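Taking the hints as your guide, dock the two standalone chains into a single complex.
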Amino acid sequence: MPLFYERKQLVTPGDLLAEDDYVAGDNTYKDDGKIYASRIGLVDYEARKVHVVALKAFYVPYVEDTVIGKVAEVTTGGWIVDINAPYFAMLRASDVMDRPFKPETSDLPSIFDVGDLIIAKVVDYDRTRDPLLTVREPGLGKIMRGQLVEITTTKIPRVIGRQGSMVSMIKRETGCQITIGQNGLILISGKTPEDERLAVMALHKIEEESHTSGLTDRVTEMLRKEKEGVEHA
Amino acid sequence: MLQKKPEKLIDKDDVRIDGRKLNELRPAKIEVGVLGNADGSAYIEQGKNKILAAVYGPKEVHPRHLALPDRAVLRCRYHMAPFSVDERKSPAPSRREVELSKVIREALEPSIFVEYYPRTSIDIFIEVLQADGGTRCAGLTTASLALADAGIPMRDLVAACAAGKVDGRLVLDLMDVEDKVGEADVPLALMPNLNAVTLLQMDGSLTIEEFEKTINLALDGCKQLYALQKEALKSKYVAVKEAVEE
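Chain order of the listed sequences is A and B.
Using our numbering, count along the first sequence one by one with no gaps and you end on 237.
Using our numbering, count along the second sequence one by one with no gaps and you end on 1699.
It is worth saying that the hints were derived from the structure and are not from the lab.
A quick note: this is a predicted structure, and the numbers were derived from the prediction, not measured.
Don't be surprised by glycine CBs; every beta carbon is placed ideally from N, CA and C.
Treat the hints with caution; some may be incorrect.
Said to hold, decoys possible - Label-pair distances were calculated between CB atoms; the ranges are:
no.	chain 1	residue 1	chain 2	residue 2	range
1	B	V1538	A	T216	38 to 48 Å
2	A	T216	B	D1620	49 to 59 Å
3	B	D1673	A	T132	38 to 48 Å
4	A	D24	B	V1634	27 to 37 Å
5	A	V118	B	P1544	29 to 39 Å
6	A	K53	B	H1515	32 to 42 Å
What the hints assert, rightly or not - No farther apart than 30 Å at their CA atoms in a straight line, the calculated lysine-lysine pairs in the DSS-like style are these:
no.	chain 1	residue 1	chain 2	residue 2
7	A	K209	B	K1694
8	A	K12	B	K1694
9	A	K209	B	K1689
10	A	K34	B	K1542
11	B	K1687	A	K38
12	A	K12	B	K1689
13	A	K12	B	K1555
14	A	K34	B	K1676
15	A	K34	B	K1474
If we strip away everything but chain B, and leave its shape as in the complex, we get (with noise of 0.2 Å):
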């Protein structure tokens, strides 16, 4: 299938092509513990994005001889579904699936206490059923509330999304054809709390002043996805305090 490409992204009303503000995030809806047999489980709808996350452990190393006497491994698997994209996608893992899996792995290491359980593992599945741009930030966001879920102790949430330049303007959370299309594009992962930044990519090209800014876009949207991971942690247990409490 052959997508049009739109003549300008941004029209002169600043407007993006879903209507969007140059610094809006995509609508996003994000649910905890979602499914029965995993330790910890979350899913998001960020736009058109439909991602599911699930957590397993921390339990004993398969194969034995991967397991760490300091500290527990961490294993990652980031995965697209056949049907997630336009045209069917091979459901092996791919080199840019494999590349962000460890990406991803990496940048919610720090976030882990992966000292407390030497010998064990925690494995993390992130399932992208839709894709639309922005996905391993997405990923990110949703494996960090899966953990959490999962009582996995942990120094802060993680919560990513990108910025990028598209027709010569700075915005922020691009989608597919503004990520496509457009100039450059930076995905970023924070611990707000904390201050501290876990990942951190760039593709494209900007100068340094703009870089400064298009880093200050991403760090205010994941503020904003912060605000959404906590209320969503916190929604199922709110929930039953209201209704037995009331």
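So that you can see chain A by itself, here it is in the shape it has in the complex (with noise of 0.2 Å):
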């Protein structure tokens, strides 16, 4: 039972990464007892499961996730939102409304008018319907103000790092709230134009560095850095 790579190795579709006794994880798959890559990015073992943290993919929905999306057109029912995937996702009427929704008498555009940011949660989806939303919860809704920097979702899980590591020190580095969602966009308001530059500089840094090791220490470095800059300037 053979491994071919080591840990945090980078490997390209179509290389044997194992063969016989492992499984086949994220971004792999097995034929004929071997197990191969099906994207580019780092090798990593657990157990007897091989996966591949890939460099490049897209955002595809999961239950629980959440996202950042824009109001692409409103319906009698609804909104269908852009949350960046393959599918479209719905929002309906009657997650928003307190009373009971009533397509005639209810003025959807007034809650929510296309090209509206909004932050939701996915409650449904499976590939056979497209993905459904909710924004019945604290922290969900229209999107009023802030900065909005998108970046390869396979990054995200680095930006929130070991127990929200990166993300707690970056919001204690530049003072801002930062709202991230799965999809790959990332919400940031601080309390001036100066701390949200920095937090989108740090942000820029962790995508284009996520596959290098000491990540945390050199933004920390960086943010202090730039901060004394501007100190002095």
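Below is the structure:
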């Protein structure tokens, strides 16, 4: 039962990762007892499971994910939301209303109009039907202010860090509020544009260098240096 | 413009008119992620060929009725720019381009997990900026990289290369003159890790023994290109890693 790559080694689609007794995890597939990579990324093992942390991928909805989306269309019964996935998501009008929803009396565009950005949660999705969203939880709903940063969705875990270490460090260093959408969109709102600029810079650095080690320390260092530079100027 | 037909394509020392040996590929330069607006992209310069490939998707299918309930539809457009050849080519898709689009699509389809994303489409655009023979193969090689760059799950990369018969000799990676004057041309696409052929065509005539030798020559060429593809795909990340972890 040989393994052909070490941990954190870069592989491309089609690379043979392991043979025999292993289980194929994310971004890999098994064919004739052999496990191959299906995306470019870094190899990792957990017991008998082989998976690849992809460096390039797109968002696929997952129930319970928080996502940031843009209203693409207002229909009679709700909204169609672009969540940066292969499928558009639906948000039902009855989800937003307190009283029973009547299409003839409710003015849906006054709640969310085309182009509005919303934070929502995926409540239902499988590949045969479009994802269904909800905004009925604290922290969800229309985005009123802040900046959006888009990064590759597979790098979201890196932005969050181990037990949230990376994102809480950025919050602490910049004083910004950060809302992470699992679909690769991140909302930043800070007290000053300068704070937001720092946070955006940190996020771009994480995306660029997500596959390297010691990243949290380097990002902290960069933020501190930047802050000093501004104070002295 | 009239091109003078060279008298001999291979001289007595087995050297071809561009200085290559019989079993040598044209020098290739590949870059991945060259376009900002596409989901994935790649660019190749192989000899005088210059080809750009871009990929969008998976995304909702337009028009809606083309969507398939059990898998993604793959759509491909191979197109030659009007300035890609000696004499201006009409930008409208020709019979040849429509056929090559189909052939390339069918050569790429087995490499993609289309069943993972039902009701979506994956669109591939191959734009030949400058052509010098073997553009279907170079286009295929590039498109496969663009798919990988778009983060679409794949069984393997597809590498493609032609071999053929020129002046009675079997040669690898024919360029335009060799293709036009030569006796046979065999384009072949391969998923090297799975050892699976996804495209095999031939025009001209070869004996059975010659055909077998030609295929082996082309397979070898595909494997060389595959190494270049992998290197190109990795290079961006390797450069960043080296820069920050020195």
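Hint check results:
With their beta carbons about 45 Å apart, B:V1538 and A:T216 fall inside the hinted range of 38 to 48 Å. Checked against the hint of 49 to 59 Å, the C-beta distance between A:T216 and B:D1620 comes to roughly 52 Å, which is consistent with it. For the pair B:D1673 and A:T132, the supplied restraint of 38 to 48 Å holds, since their beta-carbon distance comes to about 44 Å. For A:D24 paired with B:V1634, a C-beta distance near 52 Å fails the hint of 27 to 37 Å.
Evaluation of the 29 to 39 Å hint for A:V118 and B:P1544 yields a pass: the beta carbon distance comes to about 35 Å. A hinted range of 32 to 42 Å holds for the C-beta pair A:K53 and B:H1515, which are about 38 Å apart. Straight-line distance between C-alpha atoms of A:K209 and B:K1694 comes to about 12 Å, which keeps the hinted pair within the 30 Å bound. For the proposed pair A:K12 and B:K1694, the alpha carbon gap of about 12 Å is at most 30 Å, so the pair holds.
At most 30 Å may separate the alpha-carbon atoms for a hinted pair to count; A:K209 and B:K1689 meet this at roughly 15 Å. Between A:K34 and B:K1542 the alpha-carbon distance is near 46 Å, which puts this suggested pair outside the 30 Å criterion. Of the supplied pair hints, the one linking B:K1687 and A:K38 holds, its CA atoms being roughly 23 Å apart against a limit of 30 Å. At roughly 16 Å between alpha-carbon atoms, A:K12 and B:K1689 fall within 30 Å of each other, so this suggested pair holds.
Restraint check: the Cα-Cα separation between A:K12 and B:K1555 comes to about 38 Å, which exceeds 30 Å; the hinted pair is violated. Taking the CA atoms of A:K34 and B:K1676, the gap is near 22 Å; set against the 30 Å cutoff, the hint holds. With a C-alpha separation of about 40 Å, the suggested pairing of A:K34 with B:K1474 is violated against the 30 Å cut-off.
Checked against the numbered hints given earlier, this structure breaks hints 4, 10, 13, 15; the rest are met.
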